[in-house]
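Trainee: Sequence:
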Amino acid sequence: ESGRAGRDGLEADCCLFYSGGDYGTWKSLMSDMPEEAYKIAMLKLSNMYSYCTGGVCRHKAILRYFGQDLDSDGCNACDMCLGEFEYIDDALVIGQKILSCILRLDQRFGGGYVALVLIGSKDKRIIENNHDMLSTYGLLDDYSKHTVRDWIEQLTGQDYIEKYGEYNVLRVTEKGRDVLRGRQTPRLLKPALKKPKVSKVATDSWEGVDKGLFEALRKLRSKIAGKKKIPAYIVFGDGALRDMARKRPVALDTFLNVKGVGEKKYKKYGETFITAIKDYCFEHSSDLDAEEY
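Numbering-wise, the sequence shown is residues 1 to 293 according to the working numbering.
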């Protein structure tokens, strides 16, 4: 809804809800389409995937879709331009490994296959093609396929890689060759922290919830939302507050185990809510980090 949000010319907050699993779901749903319609739909799906994972200015990505471009390097308004993401320190080396792998594969494969080679997968196709013998095989075996796949999309979004053909085969651009020569350094996002497994307790219930703490957290949420002039649920939903009042987390790992809490929200509000939880528990002699939940 970013277009609708900006119609009045005022600043607006737009939340992008994205899951990598959506890509596979939509691809499966479109599989029965006529061939030509399927090609067009897959191109659009690929564009959406790049928008979510490309690591470039959101406004620039949208304008490019419509055949336009920004006059400046960025919009200075989206999460990418405002630096709301953390970037890896060794982006040049990782970028070079990815680009080298594409070249070693003779620029004949798509992003998913390239990622499998880089993480050292024992996939049947890789073994049959003898690509496990390449010098770039397993160079990024410390990372998941999902992370490497996202980095490939980010390099594509920054024009170091281009896709061509029906199967989105990867090709290194001249700009990408400058990365290999060390003349340019890409920006690659840090992989998101894997959230600890959420407990089996129904977090939308009231089982084990300290209702006094819940009310204290609701008041804190309302105060923050009022200052920021945003709906309260944008800070944390009621389910998250109930889970906090149940688990009383005061450490990073336990706070991330709360329903609806990710690394970004932890960085924004974590310390404030943890302080409130500590103060309440101290005042009421309650245990912290209730592990049974």
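Among these hints, one or two may not hold up.
[To be verified] As a list, the in silico DSSO-like pairs of lysine-lysine whose alpha-carbon atoms are at most 27 Å apart:
{"#": "1", "residue 1": "Lys175", "residue 2": "Lys145"}
{"#": "2", "residue 1": "Lys219", "residue 2": "Lys27"}
{"#": "3", "residue 1": "Lys39", "residue 2": "Lys211"}
{"#": "4", "residue 1": "Lys27", "residue 2": "Lys163"}
{"#": "5", "residue 1": "Lys228", "residue 2": "Lys278"}
{"#": "6", "residue 1": "Lys175", "residue 2": "Lys229"}
{"#": "7", "residue 1": "Lys278", "residue 2": "Lys264"}
{"#": "8", "residue 1": "Lys227", "residue 2": "Lys145"}
{"#": "9", "residue 1": "Lys211", "residue 2": "Lys259"}
{"#": "10", "residue 1": "Lys175", "residue 2": "Lys228"}
{"#": "11", "residue 1": "Lys211", "residue 2": "Lys265"}
{"#": "12", "residue 1": "Lys44", "residue 2": "Lys145"}
{"#": "13", "residue 1": "Lys211", "residue 2": "Lys223"}
{"#": "14", "residue 1": "Lys223", "residue 2": "Lys278"}
{"#": "15", "residue 1": "Lys175", "residue 2": "Lys227"}
{"#": "16", "residue 1": "Lys211", "residue 2": "Lys190"}
{"#": "17", "residue 1": "Lys278", "residue 2": "Lys190"}
{"#": "18", "residue 1": "Lys175", "residue 2": "Lys122"}
{"#": "19", "residue 1": "Lys228", "residue 2": "Lys211"}
{"#": "20", "residue 1": "Lys211", "residue 2": "Lys163"}
{"#": "21", "residue 1": "Lys264", "residue 2": "Lys229"}
{"#": "22", "residue 1": "Lys145", "residue 2": "Lys219"}
{"#": "23", "residue 1": "Lys175", "residue 2": "Lys27"}
{"#": "24", "residue 1": "Lys163", "residue 2": "Lys175"}
{"#": "25", "residue 1": "Lys175", "residue 2": "Lys97"}
{"#": "26", "residue 1": "Lys145", "residue 2": "Lys163"}
{"#": "27", "residue 1": "Lys227", "residue 2": "Lys163"}
{"#": "28", "residue 1": "Lys219", "residue 2": "Lys264"}
{"#": "29", "residue 1": "Lys268", "residue 2": "Lys219"}
{"#": "30", "residue 1": "Lys190", "residue 2": "Lys163"}
{"#": "31", "residue 1": "Lys278", "residue 2": "Lys145"}
{"#": "32", "residue 1": "Lys44", "residue 2": "Lys229"}
{"#": "33", "residue 1": "Lys267", "residue 2": "Lys223"}
{"#": "34", "residue 1": "Lys190", "residue 2": "Lys259"}
No lab work stands behind these hints: they were computed from the structure.
Trainee: For each hint, tell me whether it holds in the structure or not.
Mentor: Here is what the structure says about each hint:
1. Lys175 - Lys145: holds (24 Å)
2. Lys219 - Lys27: violated (44 Å)
3. Lys39 - Lys211: violated (54 Å)
4. Lys27 - Lys163: holds (18 Å)
5. Lys228 - Lys278: Given that 27 Å is the threshold and the Cα spacing comes to 24 Å, the pair holds.
6. Lys175 - Lys229: Not OK: lysine 175 and lysine 229 at ~43 Å, beyond 27 Å, violated.
7. Lys278 - Lys264: Holds. Lysine 278 to lysine 264 sits at ~21 Å (cutoff 27 Å).
8. Lys227 - Lys145: Violated - the C-alpha atoms of lysine 145 and lysine 227 are around 40 Å apart, more than 27 Å.
9. Lys211 - Lys259: This hinted pair holds, its Cα atoms lying about 17 Å apart.
10. Lys175 - Lys228: violated (41 Å)
11. Lys211 - Lys265: holds (23 Å)
12. Lys44 - Lys145: Satisfied, since the Cα-Cα distance of roughly 22 Å is no more than 27 Å.
13. Lys211 - Lys223: Since the Cα atoms of lysine 211 and lysine 223 sit roughly 18 Å apart, the hinted pair holds (cutoff 27 Å).
14. Lys223 - Lys278: Satisfied, since the Cα-Cα distance of roughly 18 Å is no more than 27 Å.
15. Lys175 - Lys227: Given that 27 Å is the threshold and the Cα spacing comes to 45 Å, the pair is violated.
16. Lys211 - Lys190: Distance of about 37 Å is beyond 27 Å: violated.
17. Lys278 - Lys190: violated (30 Å)
18. Lys175 - Lys122: violated (31 Å)
19. Lys228 - Lys211: holds (26 Å)
20. Lys211 - Lys163: violated (54 Å)
21. Lys264 - Lys229: holds (19 Å)
22. Lys145 - Lys219: Since the Cα atoms of lysine 145 and lysine 219 sit roughly 42 Å apart, the hinted pair is violated (cutoff 27 Å).
23. Lys175 - Lys27: violated (31 Å)
24. Lys163 - Lys175: holds (14 Å)
25. Lys175 - Lys97: holds (15 Å)
26. Lys145 - Lys163: holds (19 Å)
27. Lys227 - Lys163: violated (45 Å)
28. Lys219 - Lys264: The hint holds at about 21 Å.
29. Lys268 - Lys219: With a Cα-Cα distance of about 17 Å, the restraint between lysine 268 and lysine 219 holds, given a limit of 27 Å.
30. Lys190 - Lys163: OK: lysine 190 and lysine 163 at ~23 Å, within 27 Å.
31. Lys278 - Lys145: violated (39 Å)
32. Lys44 - Lys229: violated (35 Å)
33. Lys267 - Lys223: Holds. Lysine 267 to lysine 223 sits at ~18 Å (cutoff 27 Å).
34. Lys190 - Lys259: The given pair, whose Cα atoms are some 22 Å apart, holds under the 27 Å limit.
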